[in-house]
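One letter stands for each residue in the lines below.
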Amino acid sequence: MINFEYHSPKTVDDALNQLGTQEKAAILAGGTDLIVQLKENKACFEKLVSFRYLQELKKITVEPNGDLRIGAMVTISDVINSPLVTEFSISIKEALSTIGSSQIRNIATIGGNLCNASPAADSAPILLVLGSLVEITSKSETRLIPLKDFFLGKGQTVLKDGEILSAIVIPAEARSYKSKYLKLGVRQSADIAVVSVAIALKIKDEICTDARIALGSVSDKPIRAIETEKLLQDISPLDNLEQIGESAKGECTPITDIRATANYRREMVSVLVKRGILSLC
Amino acid sequence: MGKKIQFYINNEEREIFVQENQILLDVIRNDLGLTATKDGCGNGECGACTIIMDGKAVKSCLILAVEADGCTIQTVEGLSEDGKLNPLQEAFLEIGAIQCGFCTPGMLMSATALLNDKKEPSAEEIKDALAGNICRCTGYSKIVEAIQSAGKQA
Numbered sequence: 290m291i292n293f294e295y296h297s298p299k300t301v302d303d304a305l306n307q308l309g310t311q312e313k314a315a316i317l318a319g320g321t322d323l324i325v326q327l328k329e330n331k332a333c334f335e336k337l338v339s340f341r342y343l344q345e346l347k348k349i350t351v352e353p354n355g356d357l358r359i360g361a362m363v364t365i366s367d368v369i370n371s372p373l374v375t376e377f378s379i380s381i382k383e384a385l386s387t388i389g390s391s392q393i394r395n396i397a398t399i400g401g402n403l404c405n406a407s408p409a410a411d412s413a414p415i416l417l418v419l420g421s422l423v424e425i426t427s428k429s430e431t432r433l434i435p436l437k438d439f440f441l442g443k444g445q446t447v448l449k450d451g452e453i454l455s456a457i458v459i460p461a462e463a464r465s466y467k468s469k470y471l472k473l474g475v476r477q478s479a480d481i482a483v484v485s486v487a488i489a490l491k492i493k494d495e496i497c498t499d500a501r502i503a504l505g506s507v508s509d510k511p512i513r514a515i516e517t518e519k520l521l522q523d524i525s526p527l528d529n530l531e532q533i534g535e536s537a538k539g540e541c542t543p544i545t546d547i548r549a550t551a552n553y554r555r556e557m558v559s560v561l562v563k564r565g566i567l568s569l570c
Numbered sequence: 551m552g553k554k555i556q557f558y559i560n561n562e563e564r565e566i567f568v569q570e571n572q573i574l575l576d577v578i579r580n581d582l583g584l585t586a587t588k589d590g591c592g593n594g595e596c597g598a599c600t601i602i603m604d605g606k607a608v609k610s611c612l613i614l615a616v617e618a619d620g621c622t623i624q625t626v627e628g629l630s631e632d633g634k635l636n637p638l639q640e641a642f643l644e645i646g647a648i649q650c651g652f653c654t655p656g657m658l659m660s661a662t663a664l665l666n667d668k669k670e671p672s673a674e675e676i677k678d679a680l681a682g683n684i685c686r687c688t689g690y691s692k693i694v695e696a697i698q699s700a701g702k703q704a
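Residue numbers (our numbering), protein chains in the order written: chain A, 290 to 570; chain B, 551 to 704.
Since the hints were derived computationally from the structure, they do not count as laboratory data. Ideal placement from N, C-alpha and C gives every residue a C-beta, glycine not left out. Careful: at least some of the hints might be erroneous.
Straight-line distance between alpha carbons at most 27 Å, and here's what the computed DSSO-like set of lysine-lysine pairs gives [said to hold, decoys possible]:
1. A:K328 with A:K313
2. B:K606 with A:K347
3. B:K702 with B:K668
4. A:K299 with A:K348
5. A:K382 with B:K668
6. A:K443 with A:K382
7. B:K553 with A:K328
8. B:K702 with B:K606
9. A:K348 with B:K606
10. B:K634 with B:K606
11. A:K299 with A:K347
12. A:K428 with A:K449
13. A:K336 with A:K428
14. A:K347 with B:K554
15. B:K677 with B:K702
16. A:K347 with B:K553
17. A:K313 with A:K443
18. A:K328 with B:K606
19. B:K553 with A:K331
20. B:K669 with A:K382
21. B:K553 with A:K336
22. B:K606 with A:K382
23. A:K347 with A:K428
24. A:K299 with B:K606
25. B:K554 with A:K336
26. A:K449 with A:K313
27. A:K299 with B:K554
28. A:K313 with B:K553
29. B:K553 with A:K299
30. B:K677 with A:K382
31. A:K347 with B:K668
32. B:K554 with A:K328
33. A:K313 with B:K554
34. B:K668 with A:K348
35. B:K606 with B:K553
Computed beta-carbon distance windows for the label pairs [stated by the list, open to error]:
36. A:K467 with B:K634: 52 to 58 Å
37. B:C650 with A:E329: 23 to 29 Å
38. B:R686 with A:E462: 44 to 50 Å
39. B:E674 with A:Y342: 32 to 38 Å
40. B:K634 with A:L433: 52 to 58 Å
Kindly produce the complete structure, drawing on both the sequences and the hints.
Okay, structure coming up:
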């Protein structure tokens, strides 16, 4: 395994200072992806900056405007067990419960899951359909961008050197949506999604006034199915399910890999989207 | 380089010098001689390396030793007291939840973490808590039964 310097700063400021020096640095959050990469010699850095002591990043709060704010270093287990999260949207708890196993969830972090930027990341689809934003902090500024603009490709995010993901913010209006995450895999646990789908619908008098659909594991990043969402506008969601399923198929670009073929994934996108909509109506 | 770390393991305070890239599982087994915790897959899938760290079941093969500085750790050696097996371990023996025994330390630690949190877990709750522990021998049903039995006794 490679050798590296190890630093465990106590404040975000110190962490940013550590990340701003010449050496190639990596961030250690939960380590459930990074340590595996280290052991497989797929990680390359001179300095490891552990975020274990950064209490500022470990808080879950409801802001005065009703937004839910989750610090990037909150473990998956702590998000799941948070009464604030459960009260805000039970679908977040359900989606994160599909990650790995209890031991993994106890140390993996929500920020780490997003920054690792696997197209199969289980936290991404539900956060996407709830209209989440990510807070990016550097020495010079803190900015908020929509999560849908955060991923650039497999394993790649917009984060530049010296920037960290500090929090995930889910807007208060997400409370008015009914949402669900569906994950298709070979096993019931400890599995990477073959296909995953999240749906969020705002329904009034049985008519859908707004729809969001996110697809995971069927592109080089988690994506929103924007065209399919438009098909659900101002109709009863149960009309036209077939057309909606077909449209979702058209918006994904799955690959064939060890877990499934592209064709199977495309078919399953349609199945999961229809199932998701049915479950919310 | 290296770093001195200090932590509590099975109620004993230990101080040890480790390299930055040493894995906690290896330090527990090789440096501390506590070999009951097993190295199965090495990448966080099989659960044979499960320990309890700061109250939570974690996979020690995915944790750098330096990250354990200041922590409280329990391994399977810490379940028995003065050589006497605890009720969970007795239940595993009595019900026959062990065949080759390789997964057993990890199973015991995941079960201990569960029983610390929930007094009488259902079979579903046990299966969920142990989803990260793989057994190739038993088919799991006696393991679940043993944990339920131990849960009722407590």
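Item to complete: Enumerate the violated hints, using their earlier numbering and listing them in ascending order.
Response: none
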